[in-house]
Every structure is written in C-alpha cells, then in structure tokens.
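> Each chain is listed here by its residues.
Protein chains: 2
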Amino acid sequence: MRVVTLGTSAGRPTAQRSASAVALEYEGDVILFDCGEGTQAQLARSPLRWGNINAIFIGHLHGDHVNGLPGILGTFSLTDRTMPLKVFGPPGIKRYLEILQEIKTVWINFPVEIIEIRKSGTLLDEKKYQVETARLDHVIECWGYVFREKPRPGHFDEAKAEALKIPHGPLRSRLVQGQSITLENGQVIAPQEIVGPPRPGRSVAYCLDTCPCENAIFLARGTDLLIHESTFDDSLREEMKKWGHSTSGQAAETALKAKSRRLILTHISPRYAEPELLLKEAKGIFPEAEMAWDLNEFIVESAE
Amino acid sequence: MRVVTLGTSAGRPTAQRSASAVALEYEGDVILFDCGEGTQAQLARSPLRWGNINAIFIGHLHGDHVNGLPGILGTFSLTDRTMPLKVFGPPGIKRYLEILQEIKTVWINFPVEIIEIRKSGTLLDEKKYQVETARLDHVIECWGYVFREKPRPGHFDEAKAEALKIPHGPLRSRLVQGQSITLENGQVIAPQEIVGPPRPGRSVAYCLDTCPCENAIFLARGTDLLIHESTFDDSLREEMKKWGHSTSGQAAETALKAKSRRLILTHISPRYAEPELLLKEAKGIFPEAEMAWDLNEFIVESAE
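Those protein sequence lines, which keep their order, are chains A and B. Here the first sequence is numbered in numbering that gives the first Met the number 0, starting from 0 and rising by one per residue. Here the second sequence is numbered in numbering that gives the first Met the number 0, starting from 0 and rising by one per residue.
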C-alpha cells in the first residue's frame, strides 16, 4: 500500500510542481484523489499501473484539482479501456462531463459512473477497503476523503497450530475466518486459540482544500497518513478563514488533534520555491510532518 | 519571428510528447495555436515570454487541442494579468468557457474576448500582421489558420541616400513611408529612387487536424512555414478520409501543392515512438520537411 504525490502545487503548475493529484495504490487497485492538469503525464512518469485506476475522487471543482480529468478519460477511451471507473465529486461534476462530451472535448467509450456527493458517509465499499467523505471548509463546496482498509485477520500462531497437529488447508482457513473446527481426533478448537485479535486496517486521509475545521480532524482521526494542504506559511494564519486555506502550522495542528501518525504537506503555493519554512513550522507542532514533492512515494504502514 | 512547438503528440500526451500546442512569437507578441493539456507547463519550460500571449486560436474542441485552455486562463488570473486576450475557436467555445466559469473551474479576472468562428476570412488584423482562417476537413468542425506578416518596406539604398546628401531623420522616414521629399537645394526625390519594392511579409500556416483538402492548400499557399498534422504513416492513406487525419506523405503533398517553403510535421500518433518513417515518407515528396519534437524552435525567414 503506497501513496504517490503526482502533483503538489497550489493554484497552478510550476516548473517544479504539477497541479494537485495523489494516487493511492492498494493491492493492485489504484485510487486517484483530485486530477489537476498534467496528471496523466505524471502518471506516465510514475511507477504506477494507472490502467488499474478504479475510482477518482475530486474534492472540488477548481481547475487546479480537476483540469486533468477530461484528458485522462479521453486517454482511457483512446487506449480501449473496458474496465469500469467510478468518478466521485461535488454537484456540478456530472454536468461538467456531460457538456464536455456534448461539444466533443471528451470522448468516453467505456463504463464511467459519475457520482455526485450529497452528504458525508461511505462512498465506496470494496471487499477490503472503504472510502468515506466529509465536507471541508473552502471557498466553494469541497469534500475531503479517508481511505480505510478493513480490519485484517489477526496473527496466526503457526507454532501452536503445528503442536496441535492442525493440517494445512481448509481447517486452517476456517480458523482464520473465525470459525471453530473439529480435528479428526474429535478435539474442538476455537479460532481465538490460534488466531489473534483482528488487526486494524491502515488508513489515509486527504484534506484539500480547506481551512482548519472539525471535519478535517474527523477525517484524519487516528489515520496512519494524513495528506493535508499547506498552501501558506504561518505568518498568514489570520487570512486563512477568508481564503479557505491552511498554513503549514494549521495543517500540523489538525494532524495533532486528530492523532494522525504521519502528515504529508502538499498544495504548496508557488510563492515558496524553497518551502523549508513550511516544513519547519509544521515539524515544530507535529514532528512526523514531511514535505511532498512531485512523484514522491510513501509506503503506508500500520501502527502494529 | 520564431515558432516553438510546445506539444507535438496526437490524441494524448506521452512521456516524450505533450498534447498539441504551437507558439508563434513576433516582435514581442506571442500567439498560441491550440492549447492541449500541459501547455502552460511547456510554456514555463520554453524561452517564450508567455505573459505576452495576445491571442489563442483553437482549431477544434477535441480535448487534446483544448484541455489546457482553462488552466492557462486561470493562471493568467492568479498572476494578476491585466492585458486583454482574444480567444478564437469554433462555435461551442463560448459555452464551454461560460460553464467552466459557472461551476468555478475557471476564474477569469482580466479582459478575455471569446470569438466564435463563423466563416473563412481574417480574424485578427494587427498593425504588422493578420491571422486568417479557413475550414479544414476533420471529424468535427475544425479551423486552420495562417499568420501573415504585412508587406515590409523595401530595401533602403543607404549609399545612394548619402550620395544625394539626404539628411538622417524625418526626410528619410518619409521616403520609407512611400512619400516624395524635397531637399533644401530644391531637388525632388521620389521614394522609388532610394527604396526598393516592398518585401513580402513572412507567413506561417497551421493545419491541424485535417485530412487532405483544398482549404489546407489554400491556407498553406506560398507560406514560409507550414505546420501540418502528420498523425500516421503512408500505409494508412486509405483510412484518412474516414479518420479525418493525414499521413506524413499527404502532409508533404499539401506542402508541395501549396508551394510552401518548409514543412513541419507534428501531431504524431503515440504509436510511433521513433517516427523516422514518417519523416522519410514526407521528405520523399517534399524535401524541406522536418519532424517536430516538443520545445523545438524554428526561426521563420522570408525567401528574400
């Protein structure tokens, strides 16, 4: 499970940073958060198998978060993709893609389901993970996301299983699935004798663009990784409510309040060619902060 | 006067080629033909002073020719541009930009005039140059363009002017402007005694996307530089009428029929990672053919 920061600039691409987009790869699936201009070119430069993108989550409709979406849909069509794709975003995204299709800017010839977000809650419920959303606090309607891996089976006590002479195969699988088994000698074994308690799943929150708000803390609560916007430095704290953005220090405060394990700063204003200041401010509040650059890779590990 | 091929790929960007866009720089003005995804990033990598873009000509509304337009308008707004901009394109482009503004994908805070093309003819008439359009033959409505520098003053015969003792300053200027002058000694001098016949202006045609057609030849007639799509190789000639594209050989035939002086092949299908074949086919018909790569620079010179 890894996160690749494809584009890390705020407002517009620069020579160093492409517009906003983050990919999360989980057991072969690839999920995209935002899709700024240049995202498909960044995907081509990344190690990701981006034909495997199964869902795209657009936080809000500002161009620096969505201008790459028409192109990626067109490229999937040109390259004869057949795998279905889900696109989530705020109300307006359906009309946006419909009109672009009408005027032939976008050509779609594979199954795309466009889902407009109407309320907080679970958007995507796959076998091994879920993606939830909550409304952020930006100048236009904007949604944040959290990816939650479902609890994983507990640790299997191999030594004890050998001692009890439990044969490899279906009986062991049933224990892992939480069922009791009966051995050939008539002995009944309960799953908890061999299998530890379920391990919590890993989680990644995505909070762009927003000023500090309760829902960002809610989404980030206890996550293994929080990807948070950090558009400006702390000298501009007073402006953030008005501008709908966060400083690096405010991003760090959200991570701290949410008890996230790790914070990635992204959506960096082009005014900071060398954003050491932003990282320093964040680390002063939340030491596990890191600065994202384009095409950085972050492996997501759980606490245990 | 130079042309920079910003993006040279057909259909979608690749790791080597960005989507379609060509810049023409003329005495400080910059004109853009098409604006595919990634154009602003390519401009940032180019030597052009792209804040000086005064007109953008979109040939047709397929995404690989227009997906970069919202981003560039947004960036001009973010960077406090005040200089007016004209955007020309086929009908639909107004609605496209209006809707993107409605849903806040594009934010425009400087004067942008959007002009939908309804017929062939002159679109832009500046002091020193014009841009004309004619309809091409593609699968959707598509317009080609020709940039024509206005005739330049003829050669000024410095030696003869000295011999006749014509003083530097206003008198010489009036000769260049085509007026007769009277010297202090009463001698009348006609402009044609000192100034040669007006030299023809330089010209550049832009024909993307199109299958071979009379209007492409019309636009390219006698140009110093023809930028023509060359999506496929000559083995696919039979398909071009149906696909609305040209092979490299067909692009060369258009250059030959139009008596262009030079041909640049662009809009290369991603299937040709090494497009030597396309260049070879074109050169076999029109030796002054060249292959465009991203960020190539072509100086435009006149025949004389």
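Derived from the structure by calculation, the hints contain no laboratory data. It should be emphasised that the depicted structure is a prediction, and the values quoted were computed from it without experimental measurement. For glycine and all other residues, C-beta sits at the position ideal for the given N, C-alpha and C. Among the hints, a few may not be true.
Said to hold, decoys possible - Quick list of simulated restraints, FRET-style, between CB atoms:
(1) A/Lys-127 - B/Trp-106: 48 to 56 Å
(2) B/Arg-198 - A/Glu-296: 54 to 62 Å
(3) B/Glu-238 - A/Met-82: 23 to 31 Å
(4) A/Asn-108 - B/Ala-14: 40 to 48 Å
(5) A/Thr-121 - B/Glu-112: 43 to 51 Å
(6) B/Glu-26 - A/Glu-213: 35 to 43 Å
(7) B/Glu-26 - A/Phe-109: 45 to 53 Å
(8) A/Thr-121 - B/Glu-238: 45 to 53 Å
Claimed, not checked - Which bits of chain A does chain B cover? Going by a derived footprint, with three or more residues having C-beta under 8 Å, they are:
(9) 35-49
(10) 118-132
(11) 188-194
(12) 235-247
(13) 272-283
Stated by the list, open to error - If we take Cβ atoms under 7 Å as the criterion, some of the chain A residues that face chain B in the derived model are:
(14) Gly-62
(15) Tyr-95
(16) Ile-139
(17) Ile-165
> Look at the Cβ atoms of B/Glu-238 and A/Met-82 and judge whether their distance stays inside 23 to 31 Å.
holds (27 Å)
> Does the Cβ pair A/Asn-108, B/Ala-14 satisfy 40 to 48 Å?
This hint is violated: roughly 24 Å between Cβ atoms.
> Hint validation: A/Tyr-95 versus chain B, beta carbon distance must be below 7 Å. Holds or violated?
holds (6 Å)
> Hold the hint about A/Ile-139 up to the distance rule: shortest CB distance to chain B must be less than 7 Å.
At 5 Å from the nearest chain B Cβ, A/Ile-139 passes the 7 Å test, so the hint holds.
> Apply the coverage criterion to the segment 235-247 of chain A and chain B: a residue qualifies when its Cβ sits closer than 8 Å to a Cβ of the chain, and three qualifying residues are needed.
violated (count 0)
> Lying within 54 to 62 Å: is that true of the beta-carbon distance B/Arg-198 to A/Glu-296?
holds (58 Å)
> Please test the hint of 43 to 51 Å on the beta carbon pair from A/Thr-121 and B/Glu-112.
With a Cβ separation near 47 Å, A/Thr-121 and B/Glu-112 satisfy 43 to 51 Å, so the hint holds.
> Would the stated hint for A/Gly-62 survive a check requiring a Cβ distance to chain B of less than 7 Å?
With a minimum Cβ separation of about 5 Å from chain B (threshold 7 Å), the hint on A/Gly-62 holds.
> Interface hint check: A/Ile-165, Cβ to nearest Cβ on chain B, cutoff 7 Å. Holds or violated?
violated (52 Å)
> For the pair B/Glu-26 and A/Glu-213, does the Cβ-Cβ distance stay inside 35 to 43 Å?
With Cβ atoms ~56 Å apart, the hint is violated.
> If you count the residues of the segment 118-132 of chain A with a beta-carbon closer than 8 Å to a beta-carbon of chain B, do you get 3 or more?
Three-residue rule not met by the segment 118-132 of chain A, so violated; n is 0.
> Taking 8 Å as the Cβ threshold, is the statement that the segment 35-49 of chain A is covered by chain B upheld or broken by the three-residue rule?
The restraint on the segment 35-49 of chain A holds, since 6 of its residues have a Cβ under 8 Å from chain B and three suffice.
Violated hints for the displayed structure, listed by number in ascending order: 1, 4, 6, 10, 11, 12, 13, 17.
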